[in-house]
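There are 4 protein chains.
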Amino acid sequence: MSAPSSAPFKLRSKNPDEIIAGSLLAKAYLSIRQYSERLCGPLEIEDYGLQAMASTSPAKWHLAHTTWFFETFLLKPYAPGYQPFHPEYEYLFNSYYNGVGNQYPRDQRGLLSRPTVAEVYRYRRYVDEALCELLDALPSRSADEIATRLELGCHHEQQHQELFHTDLKYCWFQNPLYPAYSDVPLPKSAPVAPLTWQSIDGQLQQIGHDSENGFCFDNELPRHQQYVEGFRIADRLVSNGEFLAFMEDGGYGRSDLWLADGWAALAAGSVNSHALAPLYWLQRDGQWFEYTLHGLVELDPNRPACHLSAYEADAFARWNDCRLPTEFEWEVSATRGDTKSEYQSPEEPALLHPQFGVQSAQKANVAGSLWQWTSSAYSPYPRFKAADGALGEYNGKFMANQLVLRGGSVATSPGHYRHSYRNFFYPQDQWQFTGVRLAQDL
Amino acid sequence: MSAPSSAPFKLRSKNPDEIIAGSLLAKAYLSIRQYSERLCGPLEIEDYGLQAMASTSPAKWHLAHTTWFFETFLLKPYAPGYQPFHPEYEYLFNSYYNGVGNQYPRDQRGLLSRPTVAEVYRYRRYVDEALCELLDALPSRSADEIATRLELGCHHEQQHQELFHTDLKYCWFQNPLYPAYSDVPLPKSAPVAPLTWQSIDGQLQQIGHDSENGFCFDNELPRHQQYVEGFRIADRLVSNGEFLAFMEDGGYGRSDLWLADGWAALAAGSVNSHALAPLYWLQRDGQWFEYTLHGLVELDPNRPACHLSAYEADAFARWNDCRLPTEFEWEVSATRGDTKSEYQSPEEPALLHPQFGVQSAQKANVAGSLWQWTSSAYSPYPRFKAADGALGEYNGKFMANQLVLRGGSVATSPGHYRHSYRNFFYPQDQWQFTGVRLAQDL
Amino acid sequence: MSAPSSAPFKLRSKNPDEIIAGSLLAKAYLSIRQYSERLCGPLEIEDYGLQAMASTSPAKWHLAHTTWFFETFLLKPYAPGYQPFHPEYEYLFNSYYNGVGNQYPRDQRGLLSRPTVAEVYRYRRYVDEALCELLDALPSRSADEIATRLELGCHHEQQHQELFHTDLKYCWFQNPLYPAYSDVPLPKSAPVAPLTWQSIDGQLQQIGHDSENGFCFDNELPRHQQYVEGFRIADRLVSNGEFLAFMEDGGYGRSDLWLADGWAALAAGSVNSHALAPLYWLQRDGQWFEYTLHGLVELDPNRPACHLSAYEADAFARWNDCRLPTEFEWEVSATRGDTKSEYQSPEEPALLHPQFGVQSAQKANVAGSLWQWTSSAYSPYPRFKAADGALGEYNGKFMANQLVLRGGSVATSPGHYRHSYRNFFYPQDQWQFTGVRLAQDL
Amino acid sequence: MSAPSSAPFKLRSKNPDEIIAGSLLAKAYLSIRQYSERLCGPLEIEDYGLQAMASTSPAKWHLAHTTWFFETFLLKPYAPGYQPFHPEYEYLFNSYYNGVGNQYPRDQRGLLSRPTVAEVYRYRRYVDEALCELLDALPSRSADEIATRLELGCHHEQQHQELFHTDLKYCWFQNPLYPAYSDVPLPKSAPVAPLTWQSIDGQLQQIGHDSENGFCFDNELPRHQQYVEGFRIADRLVSNGEFLAFMEDGGYGRSDLWLADGWAALAAGSVNSHALAPLYWLQRDGQWFEYTLHGLVELDPNRPACHLSAYEADAFARWNDCRLPTEFEWEVSATRGDTKSEYQSPEEPALLHPQFGVQSAQKANVAGSLWQWTSSAYSPYPRFKAADGALGEYNGKFMANQLVLRGGSVATSPGHYRHSYRNFFYPQDQWQFTGVRLAQDL
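Protein chains in written order, with the working numbering: chain W, 1 to 442; chain G, 1 to 442; chain S, 1 to 442; chain P, 1 to 442.
No lab work stands behind these hints, which were simulated from the structure alone. Each hint should be verified, as a subset may be incorrect.
Since the list gives no way to pick one copy over another, a pair counts as held whenever it fits inside one copy or between any two copies.
[Unchecked claim] In silico EDC-like pairs for lysine to aspartate or glutamate, Cα to Cα no more than 16 Å straight-line:
| hint | residue 1 | residue 2 |
| --- | --- | --- |
| 1 | K397 | D321 |
| 2 | K385 | D441 |
| 3 | K27 | E129 |
| 4 | K385 | D218 |
Generate the whole structure from the sequences, applying the supplied hints.
Following this line, the structure appears as structure tokens:
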């Protein structure tokens, strides 16, 4: 499977005088769109409809909803005479945009056997063609708006490409046949290197996306100052072996290590129905196994520990006399001179499970392997402004009860990630590719 | 679609000296098996996996579970050297037979995208072939046991053929596209005839299956005496028009008409999420519609009212100063001289929605159109004995909290029904083809 | 504590010419009323408000609701110029009579700290006085109606006297201090006698209350015929020791012994939060204890096993190759010549926990010790008619999903019970004084 | 009712050479203890046991738990030969200290009719006496630890004094009799003054308690720097009239104003079971009423809007093109030169419902009337360290999913509050005295 485009696509020119070439936009657009479909290669028709919990969506729904996004926010307002593909799709494939209208119940998306997979692909073709026509005839009056929304739509589709992986993994895990998405075997791992620390003194720091520097979501703005006290942060993720040591020391049974809500979640049995262990761990005849997109494999102590909730991450950190980093610490650390230029989206996502030492550089695991829980609540940056209208619902309305994660993961689409990226999930969520970086006060 | 066999198939000879011809058994068996598959004709692959509530099962699961039944109860014990098709299927496709082993959680059957539909059909082929081999070489020592279990397995599969229809209907109803299973248009109906009554005096009656008379389930036995007081019973089902009159008279709001548990179920909103009306009714611009396996159609007052819970049936009867019949009254009425010979399984199920007057005889609606709620709790007949072993779980363990229904329905497979048949569901259940026959004390 | 009146009170004369003496009615009425209050003797003010589950009501609520019954059904319609004690009480203390009006939510009765206990006693005084005035001036035009409703109200209050005990027991059991209602020590028990059987041949039987014979509830009528096949029934209840043997044989883990709904209830953990055992059993240091109204005591194998659900009762019977009796079998057995006259309500309820051999006669445990689950669904007898109006809600609307129990219990008020009495609870209910009598086909 | 002591009590001397006088400690201690009991003056015995939801505790439980705190953390470790009052109380009255042991289920505290109210008062006496003895003989070796824990215990009891009010209010609101705690009539209010703003420029600010300045909880430490951008903040709370305007503009129906989780909570009906309105609002004949501790009163537009969730507060702010302040903005604003010295705990809490203009100074409503939602997640300050042992569970383990509130309320005990105080509740919580202060970017 080849990545959508070797360079992260670039839709808007920073030079307002430059003419935006619709054909280049279309090329970038189609590259993202085709990537979504290539991801479905290993799927059987039956797999497209799975929904094992309300938070996950069927693959088919992801394919249709991302299409709906372009239809709703580009074709309907900007393409003259555009005829919607189907009158019910506005309702069926709206995720949460109240400004657009009502939504089919989120927890019942798995019940939509119709439209069929084939029909959803026809929907994609139909919208792709209409959009290419729109870009071809790019009306200068609204060219900038169109390009802006197109870019957002492409990043939106990339977000669903990651969810495609995590949702499928969660659904397949419910099946005792444990299907494998990839038949590439996971490589043998070398012993994990001892953990070392990066130390940074306390000072005022610039946080947030530098708007000179390409696309970002609204929640990464505005760039602003934060006073960040001295801290140190680990140079790599926590490993399975280290998490096993926590478990063997009774970590899941020691209330003093857990936040009260996390302890209550444990008591309610919400971690893993098979064992008191990370979400995808199973024990058979005394041996731990881990479900991965490469199938059910023996747990390897030398791989990063993943699919942890923030509660598990926090308890593990506390057991180590450490803590989770704040999102500001994380960003400061990641954008320091020595690491700043280092992170490169892989051309090709080789593996869909995190490994140590796969990336070339020494700080390889800082980003691109697992999303890393921070202790920071997902809140608006000072002077944050959401967009007007329904698109303003994209990020802002979720700024309650969730935590920020940083770092990207093996399931993040090439070209999608940057260090100012603020991913967000509820602390109990485990089905994303989430891991732990340790931090400490300096 | 042609029915499995013109005469109800006959597996066992009553004459113990007669040789049971394995080839005849195989023919009857294959006829039933093929019918299950023909029912899936209108399905897309995506439809095979739907499960909208715990009580419904995906079509694919029905196909696999009925196969599992033959594999478990015939091939494993009787076919020498039989190799199970897949080691996990014993677990995946066991419905509720604790005597066989644990079961994959019933409410998660919709999460099994694998095995695929194609794989399940391969499973069916594999078992069909092994079973025909077994029947071909029918070992005389266990011939009777094999024939007995084969017959049970065939009736079992027919029961799942009915559930195939009702489960699919329930699942598709969750989809605002309201898919149609059949493209045959429902015929225009004539005004429903005025209701007349059949009166029967009080006397001791014989109840239960006459064992001289072919196959029956264990719960229809033993034939025994019941004293049945004088009663009268309507000659036809209640119509949509009559049920609408109940609704227009405020029937759903009059607590005096409802059993306490039914009233509580109404308050909990469990009837129909669209309207205070029978399960599949919708209102659009003041007009009532009804979802049928022939699609969403305008509600026809001259069709039988269907998909009622026992609570709705009971409230409606009370509003008419009537009551539901007991199962004994129903059986006595149905097996009277004038009606006894009348019920003929249709060769071909023409329509999958109940109609008045479709069958030729005057008492046509007594049976074969809708299952009819009785007021009788589903309890063992005096001296009832369940079979030994796991097959004893077939009926007996469900004798709590459910009510008996009689009459068969448009979704009942040809040749499957008889008047001593005791179907059973919880009083709140609505997704079966259920209707009302009124009764009164004489 | 002395019982309300040595002879069961008699409100109505059978001789229509005879003058009904209001003063006699008042005396019987007050006797019942005072008994309710005497039952509260051991209570602290704090105990009057407890409600540990929706099915139980606070003692204070019982005191008020029974008063409400007389106010609503006698004083309001028949007492000229009667002023209700408080305008909100019609709402607060209505249990389930929709015909009277809306009801304060049943599951929140424990939240009514006001009116206080003292205020509820004032309410009782107020109604008692008004009612005695009404009886004193008994208007001949409605004397019969008044006497009929008064008698019903008295039996109604007696039913709440039993619930007073069972609800309090359930609530106190939630408290690790395990308060004792009675400080009378439970007597030492002798070894339980071996079980013997009473056999009765199959025949048509008269079932239901003989209306010549005093008061009964509407659900005991009409007396009618049932064909009852030959059966035998145990002469005593099952003992704790016998139930322990079932447990030690793995009874709670053997799915083949359980009805499917009972097995599901076990899996859902609904039996006893302390142990897989009857509701009030606890284990400490390997010794079983049982919570009783006489406090927490060591489990005595020679006492009747009590507080079983119908599922537990049924599984135990099945383990013994027996079954539960039907309510008809129970009634036939109890009213046979040799036992008919035997059951005498005790003048004084000595103990609030069942014992073997306390009553004098040899068949002592047939009645008066524990309510005995039957296998009979609580259904209307043929030609059953509920009363008109709100009083018609007394029994009829509960005829769904419940089972009949027979026999009375140690908590049943003196004079309240008779052999045609049909008590009814859901099969999962355990908080009543319920036990098992074994039966078998003959 | 007179307040515990005119000056906030002072337990520890800052001068290490000074002798700590045990008798002064005892006096301060007893003053707090007596205040708790005086608060119970208006209660009937029946009121002491109410628990209407898991988050609220019965008054009796508050009285016992605060006593347990002193017994557990002072008497058991420091009083030689101390005999616990009752062996089960360690379990019954432990709130959430896993380090001490298991806890009686929090949501069942209302089921503990025993110990009685009288017994709990005896428990208080017993512990008070033992504690005074301990203080009298104050062992110099542990004097400082004792004084520290005593002070914490006193502040702890004051926190429960506030919960006493809010929990009782919530419980009584479930009773249609709407009991009044105070018979003092609420004063007539004058028209609320137009809202004005305080503006503060962006700069580095010192946040957190100044440890030179008396007692604080661990979560107010350490004092540290935060960069706070320029903002302005309203000089008073939002009024009922202003909130009504929001409602009349359809505020509860406009999804664009709500955080996604708040909108979902509205859909789930969790705001107010009577109306789409703040928790304690009721409508009768077109007139709004509000339940207060002074009884059910007509809604007064000129009183502060209270018992709002953070979701309601946030939606209201958004409707005004404002936002909630951060906790840092709030603290900076409150501790500015002009307001710093202004807040005085009232000697006597005159009223238990917020009023405008009751306090003397112009900035009167900044503090002491209602807790004010901030947009800040309740997180540890940089370098926060919880205490060792079970006392470390006091604050730290709740730093997830909650928001900080500032300002104190009419139910806050005299002397308890300071501007660095960090109260915390879940955003959906409404039963505290919570209101809104508006803020904006500068």
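Each hint, compared with the structure:
| no. | hint | verdict |
| --- | --- | --- |
| 1 | K397 x D321 | between (35 Å within a copy, 15 Å between copies) |
| 2 | K385 x D441 | between (32 Å within a copy, 11 Å between copies) |
| 3 | K27 x E129 | within (12 Å within a copy, 54 Å between copies) |
| 4 | K385 x D218 | within (8 Å within a copy, 34 Å between copies) |
Hint violations for this structure: none, all hints satisfied.
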